[in-house]
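Each chain, letter by letter, is given below.
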Amino acid sequence: MDVGYIYWLDLFGTAVFAISGALAAGRKNLDLFGVIVLGLVTAVGGGTLRDATLGATPVFWVVDPVYIIVASTAALITVVLARLERIPHGLLVKADALGLATFTVIGAEKALSLGFSPVIALVTGVMTGCFGGMIRDLLCGEIPLILQKEIYATAALFGAGVYVGVGLTPAPTALAIWSGLLAALLLRLAAIRWHLQLPVFTHQ
Amino acid sequence: MDVGYIYWLDLFGTAVFAISGALAAGRKNLDLFGVIVLGLVTAVGGGTLRDATLGATPVFWVVDPVYIIVASTAALITVVLARLERIPHGLLVKADALGLATFTVIGAEKALSLGFSPVIALVTGVMTGCFGGMIRDLLCGEIPLILQKEIYATAALFGAGVYVGVGLTPAPTALAIWSGLLAALLLRLAAIRWHLQLPVFTHQ
Amino acid sequence: MDVGYIYWLDLFGTAVFAISGALAAGRKNLDLFGVIVLGLVTAVGGGTLRDATLGATPVFWVVDPVYIIVASTAALITVVLARLERIPHGLLVKADALGLATFTVIGAEKALSLGFSPVIALVTGVMTGCFGGMIRDLLCGEIPLILQKEIYATAALFGAGVYVGVGLTPAPTALAIWSGLLAALLLRLAAIRWHLQLPVFTHQ
Numbered sequence: 001m002d003v004g005y006i007y008w009l010d011l012f013g014t015a016v017f018a019i020s021g022a023l024a025a026g027r028k029n030l031d032l033f034g035v036i037v038l039g040l041v042t043a044v045g046g047g048t049l050r051d052a053t054l055g056a057t058p059v060f061w062v063v064d065p066v067y068i069i070v071a072s073t074a075a076l077i078t079v080v081l082a083r084l085e086r087i088p089h090g091l092l093v094k095a096d097a098l099g100l101a102t103f104t105v106i107g108a109e110k111a112l113s114l115g116f117s118p119v120i121a122l123v124t125g126v127m128t129g130c131f132g133g134m135i136r137d138l139l140c141g142e143i144p145l146i147l148q149k150e151i152y153a154t155a156a157l158f159g160a161g162v163y164v165g166v167g168l169t170p171a172p173t174a175l176a177i178w179s180g181l182l183a184a185l186l187l188r189l190a191a192i193r194w195h196l197q198l199p200v201f202t203h204q
Numbered sequence: 001m002d003v004g005y006i007y008w009l010d011l012f013g014t015a016v017f018a019i020s021g022a023l024a025a026g027r028k029n030l031d032l033f034g035v036i037v038l039g040l041v042t043a044v045g046g047g048t049l050r051d052a053t054l055g056a057t058p059v060f061w062v063v064d065p066v067y068i069i070v071a072s073t074a075a076l077i078t079v080v081l082a083r084l085e086r087i088p089h090g091l092l093v094k095a096d097a098l099g100l101a102t103f104t105v106i107g108a109e110k111a112l113s114l115g116f117s118p119v120i121a122l123v124t125g126v127m128t129g130c131f132g133g134m135i136r137d138l139l140c141g142e143i144p145l146i147l148q149k150e151i152y153a154t155a156a157l158f159g160a161g162v163y164v165g166v167g168l169t170p171a172p173t174a175l176a177i178w179s180g181l182l183a184a185l186l187l188r189l190a191a192i193r194w195h196l197q198l199p200v201f202t203h204q
Numbered sequence: 001m002d003v004g005y006i007y008w009l010d011l012f013g014t015a016v017f018a019i020s021g022a023l024a025a026g027r028k029n030l031d032l033f034g035v036i037v038l039g040l041v042t043a044v045g046g047g048t049l050r051d052a053t054l055g056a057t058p059v060f061w062v063v064d065p066v067y068i069i070v071a072s073t074a075a076l077i078t079v080v081l082a083r084l085e086r087i088p089h090g091l092l093v094k095a096d097a098l099g100l101a102t103f104t105v106i107g108a109e110k111a112l113s114l115g116f117s118p119v120i121a122l123v124t125g126v127m128t129g130c131f132g133g134m135i136r137d138l139l140c141g142e143i144p145l146i147l148q149k150e151i152y153a154t155a156a157l158f159g160a161g162v163y164v165g166v167g168l169t170p171a172p173t174a175l176a177i178w179s180g181l182l183a184a185l186l187l188r189l190a191a192i193r194w195h196l197q198l199p200v201f202t203h204q
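Just so you know, the protein sequences line up as chains A, B and C, in that order. What the first sequence shows, in this note's numbering, is residues 1 to 204, in sequence order. What the second sequence shows, in this note's numbering, is residues 1 to 204, in sequence order. What the third sequence shows, in this note's numbering, is residues 1 to 204, in sequence order.
Don't read these hints as lab results, they were simulated from the structure.
Subject to a maximum C-alpha distance of 25 Å in a straight line, what follows is the list of computed DMTMM-like cross-link-like pairs (lysine to aspartate or glutamate):
| no. | chain 1 | residue 1 | chain 2 | residue 2 |
| --- | --- | --- | --- | --- |
| 1 | B | 28 | A | 142 |
| 2 | A | 28 | C | 142 |
| 3 | A | 28 | A | 85 |
| 4 | C | 94 | C | 142 |
Using C-beta positions, here's what the derived DEER-type ranges look like:
| no. | chain 1 | residue 1 | chain 2 | residue 2 | range |
| --- | --- | --- | --- | --- | --- |
| 5 | A | 193 | B | 115 | 50 to 58 Å |
| 6 | C | 86 | A | 190 | 54 to 62 Å |
| 7 | A | 64 | B | 197 | 46 to 54 Å |
| 8 | C | 171 | A | 171 | 56 to 64 Å |
| 9 | A | 7 | B | 182 | 52 to 60 Å |
Far from chain C by the CB rule (all over 10 Å, computed), these chain A residues:
| no. | residue |
| --- | --- |
| 10 | 4 |
| 11 | 5 |
| 12 | 94 |
| 13 | 96 |
| 14 | 115 |
| 15 | 167 |
| 16 | 171 |
| 17 | 173 |
| 18 | 189 |
Backbone N, C-alpha and C define an ideal beta-carbon position, used for all residues, glycine too.
The shape of chain A in the complex, shown without the other chains (with noise of 0.2 Å):
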């Protein structure tokens, strides 16, 4: 992907994640190392599940270490601003939604990109979105929030779809990511705001 804005939203992204990791932390009385640990594999998980999966290796933080740094340092700040006060939790979750946008969107473009069929650039858009909280929770001892939520997965699954969609036709490269992006963005924000959820599956 050479559209260079991307990077930079990649990059913010990276370090929004980085931060709902060391968060996450703080609410299980991680150490200062836990923190750094969760804040990493929240913000690249989801990339290197991605690039492992579609054997894309050496995976994306390995070639560019600038993920490992912003994230790691967004970890760290994470634990002196939250010092000093109150993180705004509405801010946070909007700025989580942009990330899992972000996220998704370059998940589906990278197996677009190396030539795979939509069907699987819709499973690294979900992945890359979506696996880095998966494991934080996991870490964290607690059933995947995602799994559970409102509308969060889904949301990343209908960007990846609409990016892939537009992708297929003979609209600019721009117009696809953006259309994507926006989709995740658009109905993630509508299922924070009005608390939409998916039919839960009960059995048994």
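Keeping the supplied structure of chain A fixed, place chains B and C upon it in accordance with the hints.
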């Protein structure tokens, strides 16, 4: 593996494992998307780890997205069916045994066909058969049943051992495949029928 | 890495980590096979993730199955020994510190020898030393001790840092290896001896 019917057995195992993942999701009240994710992870988790460790990337479902389609469809149908009527537990457990046996032999075969040693074939056989269920249980916040329950992973190890053992003789490949598959299947069915268990290790 | 004794240290670390996995399995009453799986996962989990992310596949234990044999044998012997007599906890913790130090330096060395940057070597060093124990705890249904406990992952980071730092000077490779190994080992032993801890981050 050119044996066509093995491909169909593999897809059958994929569907069965996806159903078991979806039902586990139902016990934890996950939302619809959580059901699909848990179904997918259970169905393709073992083969994904196998391919990633063997360096056989992109992993199998990236090369052939039919696995993704079969697994998510099976998970969705499970949700619909489970609302209409009770899924007979006994039938499911037996189908799961067939899935385990198939995945195990396919996992061992893949290592051998790539030129790796019999020891590695045992490991990838067990890994392919059992790892998906382990992630399923982890995501549900439980200690994997496979590590505690009636002979399960042991049946996979036995089947992989028979497959590798017969494969070392001049016998035709199809014989090795069917011997391994039947060995795992019969041991697992016997374990279910008579509640066979390995001794438990208790320390401290 | 051509340094022969490092290979033996690596196998020693593999055995020690397998023992720690087997003992954790014993505390959770897993069956015999669960003991072996937990031993294996603890012993080779870190190196597996390292190789998968670096693209150094097939991963190390596929290339050299001796690791699998050493780890499963160590786990089985643990079960036998634990029935005969009490395994002295203090000895095990010190052996574990040596395993941690060895794995860390080997993990960092692998990244550098493949031409990756020092930042990546720090990450793969810590990953190799600590990730196996994290999966062990996850499979046992616990929040990984490494994220909460006395300086553990921090000792790995310190050792990896010393190794990478000395390696950037014209000093011989063996000096870098031994400096890093001793740095991690001594910091970990000191942490055990005086219960050193990083500050804990508590939020909300």
